[in-house]
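Asks: Those sequence lines, one after another, are chains W and L. Mind the numbering: the first sequence is residues 1 to 712 in the numbering used here, read in order. Mind the numbering: the second sequence is residues 713 to 1023 in the numbering used here, read in order.
Everything labelled a hint here was simulated from the structure, so no lab data went into it. Because the structure is a prediction, the values reported are computed rather than measured. The reader is advised that the hints may include incorrect statements.
Claimed, not checked - If you anchor each label on the Cβ, the simulated ranges turn out as follows: (1) 90/W with 740/L: 19 to 29 Å; (2) 876/L with 650/W: 45 to 55 Å; (3) 42/W with 717/L: 55 to 65 Å.
Said to hold, decoys possible - Covered stretches of chain L, going by a simulated chain W footprint (3 or more residues, C-beta under 8 Å): (4) 723-731; (5) 744-755; (6) 758-766; (7) 799-808; (8) 815-821; (9) 848-857.
What the hints assert, rightly or not - Residues of chain L placed beyond 10 Å of chain W at every Cβ, according to the derived structure: (10) 949; (11) 967; (12) 1020.
We put the CB at the ideal spot given by N, CA and C, even for glycine.
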Amino acid sequence: MSLRRNEAPATRETEPSLELRVAVLATMISASVGLLREGVGTSALWLAVLAGFPLAAFVQHRASAKRRAVLHVVATAAGLAVVVHVISTVASQAQSGAAALQVPLAQAFLWLLLCQAVDTSNRRSLLVLLIASPVIVGTAGVLSIDMALAVWIALWAVSLLVAIVLSHRDEMASLPRLGAIRPKRSEISSAIGTSLAGGLAVVLIGAAIFMVAPVAGTSRSLTFPASLGPRDPVALPGELSNPTLGSGDPANGSGGSSSGSRASFGYFGFSKTLDTSLRGRPDNTVVMRVRASSGDFWQAQTFDRWDGRVWTVSDDRPTPLRGGTSIPIPGVDADGVRFPDVPTDELVQTYYLDRDAPNMIFGAESPVRLYFPEHIVFQVPDGSVRAGVNLYNGAVYTVVSRRALTTPTVLRAANDRLEIPPSILEQYAAAPVTTSRVRALAARITAAAPTTYDKVRALEAWMSAHTKYTIDIPPLPKGADAVDQFLFVDRRGFCEQIGTSLVVMLRSLGIPARLAVGYAQGERNPFTGLYEVRASDAHAWAQVYFPGVGWQSFDPTASVPLAGDSAINGAGSGAWAYLTAHLSIPRWLAPAGSALVVLIVVAALGVGIRRRRRSGRSVAVPSWASQRLGELETWGATHGRARAPSESTRRYTAALASLDDHRAARIQIAGRVLDAAMFSSHEIPPGARAEVEHLLAELAEAGEASTPVARV
Amino acid sequence: MSRSSFPTPVALRKLGLAFAVLAVALLLVGRTTGAGWNVVILCVLAAILAIGALTPIAGLLRVRIRAGAPRDAVAGRPFELTITASGRARTLRLRTLDPESSWTLVDAPCTGALTVLRNRRGVLDTVLVELRSAHALGLVDWRRRVRMQLPAPIEVGPRPERVPFRAHRSSARTTADALTAARSGAELTRGVREYTPGDPVRLLHWPATARAGTPMVRELDGPQRPRLIVVADLRTFDPERTAALAAGAAIDALAHGARVDLATAEASGPRFGRVTTPIDVGRRLARAVEGPPPEGPFDPDCQVLRPTGHR
Chain W
1 MSLRRNEAPA TRETEPSLEL RVAVLATMIS ASVGLLREGV GTSALWLAVL AGFPLAAFVQ
61 HRASAKRRAV LHVVATAAGL AVVVHVISTV ASQAQSGAAA LQVPLAQAFL WLLLCQAVDT
121 SNRRSLLVLL IASPVIVGTA GVLSIDMALA VWIALWAVSL LVAIVLSHRD EMASLPRLGA
181 IRPKRSEISS AIGTSLAGGL AVVLIGAAIF MVAPVAGTSR SLTFPASLGP RDPVALPGEL
241 SNPTLGSGDP ANGSGGSSSG SRASFGYFGF SKTLDTSLRG RPDNTVVMRV RASSGDFWQA
301 QTFDRWDGRV WTVSDDRPTP LRGGTSIPIP GVDADGVRFP DVPTDELVQT YYLDRDAPNM
361 IFGAESPVRL YFPEHIVFQV PDGSVRAGVN LYNGAVYTVV SRRALTTPTV LRAANDRLEI
421 PPSILEQYAA APVTTSRVRA LAARITAAAP TTYDKVRALE AWMSAHTKYT IDIPPLPKGA
481 DAVDQFLFVD RRGFCEQIGT SLVVMLRSLG IPARLAVGYA QGERNPFTGL YEVRASDAHA
541 WAQVYFPGVG WQSFDPTASV PLAGDSAING AGSGAWAYLT AHLSIPRWLA PAGSALVVLI
601 VVAALGVGIR RRRRSGRSVA VPSWASQRLG ELETWGATHG RARAPSESTR RYTAALASLD
661 DHRAARIQIA GRVLDAAMFS SHEIPPGARA EVEHLLAELA EAGEASTPVA RV
Chain L
713 MSRSSFPTPV ALRKLGLAFA VLAVALLLVG RTTGAGWNVV ILCVLAAILA IGALTPIAGL
773 LRVRIRAGAP RDAVAGRPFE LTITASGRAR TLRLRTLDPE SSWTLVDAPC TGALTVLRNR
833 RGVLDTVLVE LRSAHALGLV DWRRRVRMQL PAPIEVGPRP ERVPFRAHRS SARTTADALT
893 AARSGAELTR GVREYTPGDP VRLLHWPATA RAGTPMVREL DGPQRPRLIV VADLRTFDPE
953 RTAALAAGAA IDALAHGARV DLATAEASGP RFGRVTTPID VGRRLARAVE GPPPEGPFDP
1013 DCQVLRPTGH R
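Chain W extracted, bound-state conformation (with noise of 0.2 Å):
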């Protein structure tokens, strides 16, 4: 004979927990509407969800077995069509790559996972949902590039834990229970109780993971998201747009259309001519979120020619560059020769704009390769890159750059290995267009510096510690030279003042140098992963040639580091400075929070001691005497003599006592201890106590009846 052997209580029968369906449905649409509407749901699969997923709970909860297995065969049907249907979309986008094949997957999934809902009679489906929606959320999470989100995943996360918590107890209660079952409320309300502290218990430990959790990254990338709105060719194909400046706009001069003033994120920089005289800084708008696994300049070109005010590019004439998914882009004259030993890294950035932009195309230094809707753009001679359409708002696109991963030894060693080439030497070294004593102060500053690295931080550091970053400067006199007013007179700008001054000191110096114009790497969103570009970031910093690197960014005004020394900690890095900046939450929130977490663990320990006590208190654990009197019960039982119910401890005793001669007067005197064990205020003598064990383990010895109590 053997008993039943229950370890893995069963799984496949009908489920019967409303509260668990419930559950789970919360968990199921909160992911879905996640993931719908990050551009996934159309109009069918939103009505699908909201309204599929409560019928399908609904209708599985009431029905027959009957009708389950009907609901088996449609929903096997429906799963089925789903799946050729799957077939025949990856096999017609397969060329355009995973990046294409997102969405249409994305809503494959939720079709299938629609017909599993239908199909959920018994708790092993119902966890089958719940494990998908992990997945669901997932793939909102790789669409999502802002903060809404936020709120789908929080109500996922508690709706799982729920579910979890539900679906152990669930299938805990097919065991047979030790002692009396609780009532169903207490039941409900422990669970509540239990999900609650759960809850909290993740925060703090989801919390604690994310920030030492590794950054997510886009090194290894899979995917190059890369789409379009509508279509609209620029005025001439490679020509700059730019409908942010309005009547600014480059392209008017060429036929565009664009007229009125420039757009308040609108940056003066992204045209054929940079004024420095021009004044005014573009506001705090989000223009562009970057998926990247680093910060760095997104760059969209270069100036080279400057005649004391303005700079100018010498030659924008545009090259189409063709190619399918992906566009090729090859490197320019302008870049030289790269050492092959020095070290490179491909940063993949993905651009997602928020506003109207330039049909400029940003990217870190070098670009290599571009994932872009179109498979055609244009290159200029110094190596940027044009679409041939306008950008707006929506647009996506992916750009790989191989980036020289410098340090300041590799900067060091670069002129003593290659001579700089006599092209760009005369293009970009020339003697600039300022004042003497501009030069003078170059000469000055860098006397003793050794190399050309040298060179470059002692004129950052003497900017840094005798001019000031202020966008609040006084108007450029007419005839003044930009750069010696900035010097030697205001000591005040912005970064198109403070770039321009650097390349041209260094230029003064015969080290070849140019202004490069385009976006800091602006705010990192640790949640997001995204670096949120806002159009005050627009930037203008020095570029510096090093013969066998190539172009190195250098700027006093932002702190961007070199590409071989950027990292980032952990994912969670900066999130509290993050959550602070933009949800309002006050700073002092950030002790205050940590105290109120001590105080939680504190209260919580306490409850638990507190009803750990109670818990104690409330076992009745049987004292000394009842349990020797229930012995000596047991052994008057075994020999015909049961105690009455209203039979007192003496008389009892005084009864057993004509059972044994031998041990009559010890039986006796027993009765007498026990009977003042339980009732007397006074405390017994353990002589006395001894004497009672020992007859009790005489007769236990004498082959009589007894029963032990052991304690684990």
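Since chain W is already given, all that's left is putting chain L on it; use the hints.
Replies: Relative to chain W, chain L alone:
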């Protein structure tokens, strides 16, 4: 004294395994797509897994188990242990491994009966209890085993196999009447004498009273009972069956009013002694081991039975 192990993880349950795989997948997706939200979701799953992996330990360490056991049990027949779980712990699973039981849900504090079973006779000094918990999320199973030393052992006797008792003719100085009387618990009348105050009225012998004209009462002798000696030599091919046959023979003989002596071997050596109840029989055979029992010489008037497992 009980020996208790520290909780050890037993298994990542299916849901936990699925979440662990999903967490790894999310990390890979996050690393290859740059999706920061995937790291957030990964952290949520990792936190849930961490809680699911650690909370069972607290429950297993907090709970205290006490077990009340009967003194006697029969091999192959379920009996009950009274389990009291104190402390505070939810959704624990408990079973005993020796004697064995099926899983039972324990929501401490609680008290209840646990049906257990032992298929072999013997003396149980200890009870091995296994506690498992995956509370509160059911993701990771932890186990704690406790071997309890019982202050007094549970004596698991053999399950008796019926061996009908027949009184041996040569050994019976008794008559058929004696046998009947013994079976019914009655005594035999030796003679009659005059009534003295205090004699029970039921002993009045009415025919003699009529003849003598004065109250006469019967004088009684104790019953003449058959005597059986069961020699349980467990050094056989199937000692369990031998013990079962010995138990069956002894119990049937007791039921027929016979005096029964058991000859067994115990750990302390050969033992010969009278048994008066089926419980006595069970206890003696529970303690019996494979060894030489006392071999006599026995009273020639006694019937001697030597059951073997090859009947």
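Asks: The structure should be examined with respect to each hint, and the outcome stated for every one.
Replies: Hints and how they fare:
In this structure the supplied range 19 to 29 Å holds for residue 90/W paired with residue 740/L, their Cβ-Cβ distance being about 20 Å. Our hint of 45 to 55 Å for residue 876/L and residue 650/W holds, since their Cβ atoms are close to 47 Å apart. Restraint check, residue 42/W to residue 717/L: a C-beta distance of roughly 57 Å satisfies the suggested window 55 to 65 Å. For the segment 723-731 of chain L, the stated coverage by chain W is satisfied: 4 residues place a CB nearer than 8 Å to a CB of that chain, which reaches the threshold of 3.
Judged by the Cβ-Cβ criterion of 8 Å, the segment 744-755 of chain L is covered by chain W as claimed, because 12 of its residues qualify and three suffice. A stretch counts as covered by a chain when three or more of its residues have a beta carbon under 8 Å from one of that chain; for the segment 758-766 of chain L and chain W the count is 6, and the coverage holds. With a threshold of 8 Å between beta carbons, the proposed coverage of the segment 799-808 of chain L by chain W holds, since 6 of its residues qualify and at least three are required. With 7 residues bearing a CB less than 8 Å from a CB of chain W, the segment 815-821 of chain L meets the requirement of three and the coverage assertion stands.
Chain W is given as covering the segment 848-857 of chain L, and this holds because 4 residues of the stretch bring a CB closer than 8 Å to a CB of that chain, at least three being needed. Its beta-carbon lying about 22 Å from the closest one in chain W, residue 949/L satisfies the requirement of being farther than 10 Å from that chain. Non-interface status of residue 967/L relative to chain W is upheld: no Cβ of that chain comes within 10 Å, the nearest being about 18 Å off. Every C-beta of chain W lies more than 10 Å from that of residue 1020/L, the closest at about 24 Å, which supports listing it as non-interface.
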